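*Asks:* Each chain is listed here by its residues.
There are 2 protein chains.
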Amino acid sequence: MKNVDLIIRNTEILTMDPDFSVFNPGAIAISGTSILAVGLETEILSDYSSSSVIDGKGKIMMPGFVNAHTHVPMTLLRGLADDLRLDVWLMGYMMPVEREFVSPDFVNLGTRLACAEMIRSGITSFADMYYFEEEVAKATAEIGMRAVCSQTVLKFPTPDSQFFEESLEMSRDFISRWKNHDLIVPSVAPHAPYTCTAEILHASAALAAEFDVPLHTHLAETSVEVENMRRENRMPVIPYVKKQNLFDAKVLAAHCVHVDDGEIHTLHHAGAGVAHNPSSNLKLSSGVAPIKRMLEVGLNVGIGTDGPASNNDLDMFEEMRLTSFLQKGFSGDPTALPARTTLLMATRLGAQAMHIGHLTGSLERGKRADLILIDVNPLHNSPRFRHDPNGSYAQIVYASKATDVQDVMVNGKWLMRDQQLLGLDEENLLKLSREYARKIDQFLIKRESSVLSKLVAIGGTEEEESFEIQLKVRIDDPKPLINKLNNSTIEIIRKRHYREFDLYFFFADIEQGILRYREDEFINDLGKIEQVRSRLTLIGPTSEDKFEQEVLLSRSRYLAPATQSPRFYREYFKPQFEKEIEKDRVRYLVRYKDVEFFINFDHITTPTIGHFVEVKSRTWSRQDAEMKSHLITELIEFLGADLEEATSDDYIEMVR
Amino acid sequence: MKNVDLIIRNTEILTMDPDFSVFNPGAIAISGTSILAVGLETEILSDYSSSSVIDGKGKIMMPGFVNAHTHVPMTLLRGLADDLRLDVWLMGYMMPVEREFVSPDFVNLGTRLACAEMIRSGITSFADMYYFEEEVAKATAEIGMRAVCSQTVLKFPTPDSQFFEESLEMSRDFISRWKNHDLIVPSVAPHAPYTCTAEILHASAALAAEFDVPLHTHLAETSVEVENMRRENRMPVIPYVKKQNLFDAKVLAAHCVHVDDGEIHTLHHAGAGVAHNPSSNLKLSSGVAPIKRMLEVGLNVGIGTDGPASNNDLDMFEEMRLTSFLQKGFSGDPTALPARTTLLMATRLGAQAMHIGHLTGSLERGKRADLILIDVNPLHNSPRFRHDPNGSYAQIVYASKATDVQDVMVNGKWLMRDQQLLGLDEENLLKLSREYARKIDQFLIKRESSVLSKLVAIGGTEEEESFEIQLKVRIDDPKPLINKLNNSTIEIIRKRHYREFDLYFFFADIEQGILRYREDEFINDLGKIEQVRSRLTLIGPTSEDKFEQEVLLSRSRYLAPATQSPRFYREYFKPQFEKEIEKDRVRYLVRYKDVEFFINFDHITTPTIGHFVEVKSRTWSRQDAEMKSHLITELIEFLGADLEEATSDDYIEMVR
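One line per chain: the protein sequences are Z and X, in this order. Its first residue numbered 6, the first sequence is counted upward by one per residue in our numbering. Its first residue numbered 6, the second sequence is counted upward by one per residue in our numbering.
Isolated chain Z, as found in the complex (with noise of 0.2 Å):
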C-alpha cells in the first residue's frame, strides 16, 4: 500500500491513451506533479493510500484540452472587428490597434484574461504566438498552465521590434532562459513564409535546433499565400519552407488547409505537428484541411482555437464539434471523424503535434497530472446512454459545453474547484480588461472619422510597410547619365517608361497622411500607351533616418485599387486642398555589386521643376542600410551627377 498525495476515485475516466484505455469506475493516483497509476478503482484503491481522496461520481475525467495554436494576448481585442475581409481587418483593424496599444503590460493581462477563460473551458496547455512572448510565459507560469510560448518574427516592424535581428536576438534570450522550465517550453515563431525572408526562416530554424525547441509558424492558411507562393518560387508552400531548412526543427505548422497530398508526407517525414483552426478558418474565409488525409497518412494533428479575435472565444468544445462537423460535411462521409478521433485530436495529437506529448495530452503513469472533470449530466446532455462504449466520447464532442468543465489540474496542482478559479481574481481581470477596450474604443472612434478608415471602408485596401534607402540628385540632362548605364559593372534587369499624373489631396490633420490617386501610363518601345492604371496610395507620415547624403524612409503605405474618378474621391474625402504634378519617368531595375537598385530619370513637366535622377533600394535591416547606403553614393558618383544638387524633400514638397 503506496501513500499518494492525492487519489480521486469513482469517475468515468478516457484516458486517451494508445488503447483508448477507458476505467468506470476509475481512480487515478497522484504525487507531486505526475500521474502514478492510473486504472479501474478496485485496483488503485487496493495499490495506493491517500489521506487526500477526492470523489468524482458523476463526472468524466480526461486529460486537459490542448489548444495547438492560439495568441492568446488577443482576448483584449476580441470582436473588436468583425465580418471584414482579411486585409481589412488585418491592416485596418487589428495592425494599427495592436501598433498603438501591444506593451508588456498588455500581453501580460490579456494572457491572464486568457487563461481564466481557457481554464473555465477545460484547456491545460495551449502553444501561444505573440509578441513580448516573454510576458505570455511570465503570467502563464504564474497561473500554472503549460504553454508552448513562441516569440514572433516578421519582416515588417513589430510593437516589440524594428528589424527582425531584434526579434530573433530576443527569441534567442528568451528561450535560452527559459529552456528548463516546469512548465512553459519557449519557442521561436518565424510569422508564415510570405511575412518572412527567407533569411528570417533559416535563422529561426537555426536557432531551434540548437536549443531543441519547437519552432511555431503560420503554413499554407489561404489559397492566394499559395498561389503567390507558386508564382514568385515556382514550388508550394511546404517545399518552399522545406528549402529554407525550417524542418531541420520541431514544427508546429498552423493551419495547412491549402497542402497537397505530397506536401502532407512531407510534413509527416518532417515530424511537424499541424493545428488545425476551423472556426477561424471558416470565419476568414480560408477553407477547410484535409484533416482526415492528415490522419490518415499518421500525422499530429492537434485543434486550436487560433486568436480571439477571429473566433471569437477560446472554446475548445465549440472547435472539435466543428472539427467532426467539417469533416464530415466535406467528405460525404457521416463516419469520418468520429467522436473518438476529434477527442484524441483536442488531446494527446494535439499535445503531440506541439511536441510535449513526452509530458501531456492523455492519462498516463509516469506523465504529467493534467485532467478535468467534466459533468456529463446537465440538461442539455441528458439523457445517457450506456449501450455504446464510445457514447462517452460522442457526448462530450457532440453534446458538452465549456461550461460543463467542474475542475481542472495542472501539473498536480488544481487551478479550478467545483467552477471555482483558485488564484485569479476574474472581477479584477474584467475591470482592467474594461480601461483597455475603453481606451481602444476611444481611439477608433477618432479614426473612424480618419482618411484610413474611409478609405478602408471603400474596401480592399492593403498595406505596404516600406523601408527604403533612398538618394535623389537634380540634373541638367539624364541623356549622359543613361549612356553610362551600359557599363560591365551594371547590369540592366529591366526597364519602363511611364508617364504618371498624380493628384494630391491634403487634409488639416497632417497625421492623417497624404492621399493620393495616380494614373500610370505605361509606354511601349513604339512610344504607344499599352497600359494605364489608377490607383489610391494613403501615405502616412513618414520617419527618416540620415546615412551619408542617402535617407532612410520608413513610411506605411496603403494601397486601393482606384475603381473611382477623381471627381468621386474629391467628393468623398474631402480634402483640404490638392496638388498635381505630372512626369516622365524612365525606370530601370539594376543590380550593381550584387544588389538591386531602382534608377528613376524623372521630368517633371507639371509644375515645370526640371529633371532629377533617383537611386532607391529597399530594405529590411539597419545593416542592410549602411551597406546600401555606400553603393548609393558609389552609383550617383559614377553615373556623373552633382552629390551638391542631392535633395531630401520629396517632388510634392518642392510644389507650392
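There's no promise every hint is true.
Note that identical chains are pooled: a pair holds if it fits in a single copy or bridges any two copies.
Heads up, simulated DSS-like pairs for lysine-lysine below, C-alpha to C-alpha not over 25 Å straight-line [said to hold, decoys possible]:
{"id": "1", "residue 1": "Lys-500", "residue 2": "Lys-621"}
{"id": "2", "residue 1": "Lys-62", "residue 2": "Lys-444"}
{"id": "3", "residue 1": "Lys-436", "residue 2": "Lys-62"}
{"id": "4", "residue 1": "Lys-598", "residue 2": "Lys-500"}
The set of hints was computed from the structure by calculation and includes no laboratory data. Please read all numbers here as calculations on a predicted model, not as lab measurements.
Chain X: place on chain Z using the hints.
*Replies:* Chain X alone, transformed into the frame defined by chain Z:
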C-alpha cells in the same frame, strides 16, 4: 402616463425590427401578452408607469430565438447513436427504437425535457414535427412556450398509425381542435417527397389550405434525394412538390440543401419559408445550403437545430455561429452573413418562415412579449467594444453561449428568471428521462447481439418496409398461362428472366428473422448470363392478413449488397442451420385494369418441387389492398390456374 403590467428598463435592446432599431439604454412596456411600446428608456418612462419595473442593467434584451425546425421528443434519443451513415443511423437505430418506445408518454416527456433545454438557451418559439404531435402541443402549451406543432404523415407505418389515412385523420382532428390556441399553431407534416406518395402530398396540402395552417416538410435534404427524384420524375424536388400542389399551403421547408436558383425563386414566389439546419446537415454529411443566395432572393430563411438525435443539442447559439461560419467559409467571402443578418435569421426571419411573423420574432409594438435577456459580460465575452454599432450582434453570434441567457419571457409570462426555470421540475424530468434511457439501453444491448445489428455493423443496409398483397398457385406447366398474357386486357410493361440461387440462414431465436444470401443471374434474350448481383436480405417476422384467397403480407426487410462470399457470411453470422433454393424465374411486370402487378413463373429446381405462378402487388393502404385482392383473383382465374392449388407457404417452408 399610462399604467402597464410590466416595464423592463436600463438595458440595451436589439429589436430586430425592419429598421434594426437599437435602444440603449432602452425600455419596454408590456401589457398582458403583448408589447405596448419599446424605445429609449427616457421616452418609455415618460409615457408609461408600472408597479412592476425591472432593471436590465448589463444585459442585452432581444426577441427570443426561433428554432425553425426540430423534433423535440427526440431529446430522449440524444446520443443514442453517432458517427454512422444516415441509413444505418435511421434504419438501424432511430426507427427500431422509435417503433419500440415512442408513445404519448414518451412524446410528452421528451417535449418537456426539450422545452427546459430550449428555455435555458433562450428559445421562445419552435417548429416541431413528430408523432403523437398533440402531446407535443399539450406539453408546450402547459409550459408556456410558442410552437408550430406538425403531425407527421408517412407512407410507412409509424409509431402512431399503421396507414397514412389514419395520420391524416389524426392531423385533421388535431388541427381543428387547436386551431385558435394562443400559443400553439397546429400543422400537418407530410414527412418528405421520398417518404410520401403524391396522394399524401396532395391531401396534406389540401388539409393545410382548408384550415389556413402551415404545412411543415423536409425538402431536398440530400443529393441522393435529388438524384432519385430526377431519375424517377425527371425534375428536381421543388418543381415536383409544386406539381403536387404543395404550395397551395403555407409551406415551411426544412433543409433545402440541394436547390438551384430556379427552385429558390419558386420557393420565394410560393411564399414558402426555409429552415436551415447547419449542424445536422454537416453531421449527416448532407452538405451546405445556399443560404446567402436565398437571402439575396428574399426568402424567409430561419435557423433550426433539427432533432437532438442528429445535433446533439438544442442550442441556437451553436447554429448561428455555424450558419455565419459556413457561408463565409464556402462563399470565399468573409463579409457574407454578418452577425446581424444571422441574428435576424434566428429571430424574425425564422418566425416569418414558420408563418407566425405577425406574432413574434421581433420586439415591436403589438407583437407578443417573447423576449430574452443575455449577460454579455462574462469572461468569455470580455471586453466589450462600443465603437462599432454592429458590435453587440457580433458578440451574441460569435462569442455568447447558451448558458449566458439569464431571463426568458413568452407571451408576457416569465419562463426563466436569473437562470431559474419557473414551473418546470428539472430534477424530475432528468429522473424520468434516465428511466427511458435505461430501458432503451437494455433493448439495444440485447439487440446488439442480434443478426440485424450484425448486418448493420457490416455496413450499408437499407430497410424496406413492404406491404404486399399476393397469391401463389402450384401449376403443372407455365406455357399456357404465359400465352394468355398476350391479350389486349393485359399490358406487359417489362419481362425479365433470371436464375436465383438462395442460401437461407436460420437462427435459434426465430425473432431474429431469416437471413438470405441471394445471387441473381440475369439471363438475356439470347439465353446468356448478362449480369450477376449478390445481396443479403434479413427478412423480419411476417405478419399476415387473409383477403379471400390472397395474403396481405407486411414485413420489414433489411437489404445489403453482399460483397463477401457465402463462406464469410456463414462464419460471421453463425446460423443454426441453412437451406438452399435454386429456381428459374420469368418475371412479368404487367398493367391490368390500371393497376401494376408482378407475375412470377417459377420453376424450383433445387429441391425439385415443381412450377408455381405468383401474382403480387405492393400496397400502401387497406382500401387499396382490398381492391387489389379482387383483381389478383380475377387475373389468376383468367390465366387458367387452379385456385384449389393456392398456397400461402413460402418456398422455404416447402423445403424439408
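*Asks:* None of the hints should be skipped; say for each whether it holds.
*Replies:* How the hints compare with the structure:
1. Proximity of Lys-500 and Lys-621 under a CA criterion of 25 Å is satisfied intra-copy only: 15 Å inside one chain copy versus 86 Å between copies.
2. When the C-alpha separation of Lys-62 and Lys-444 is checked against a cutoff of 25 Å, the pair qualifies only between copies, where the shortest distance is 22 Å, while the shortest distance within a copy is 46 Å.
3. For the identical chains of this complex, Lys-436 and Lys-62 are inter-copy neighbours only, at 17 Å across copies versus 36 Å inside a copy, given an alpha-carbon limit of 25 Å.
4. In this assembly of identical chains, Lys-598 and Lys-500 lie within 25 Å of each other by CA distance solely inside one copy; the values are 19 Å within and 87 Å between copies.
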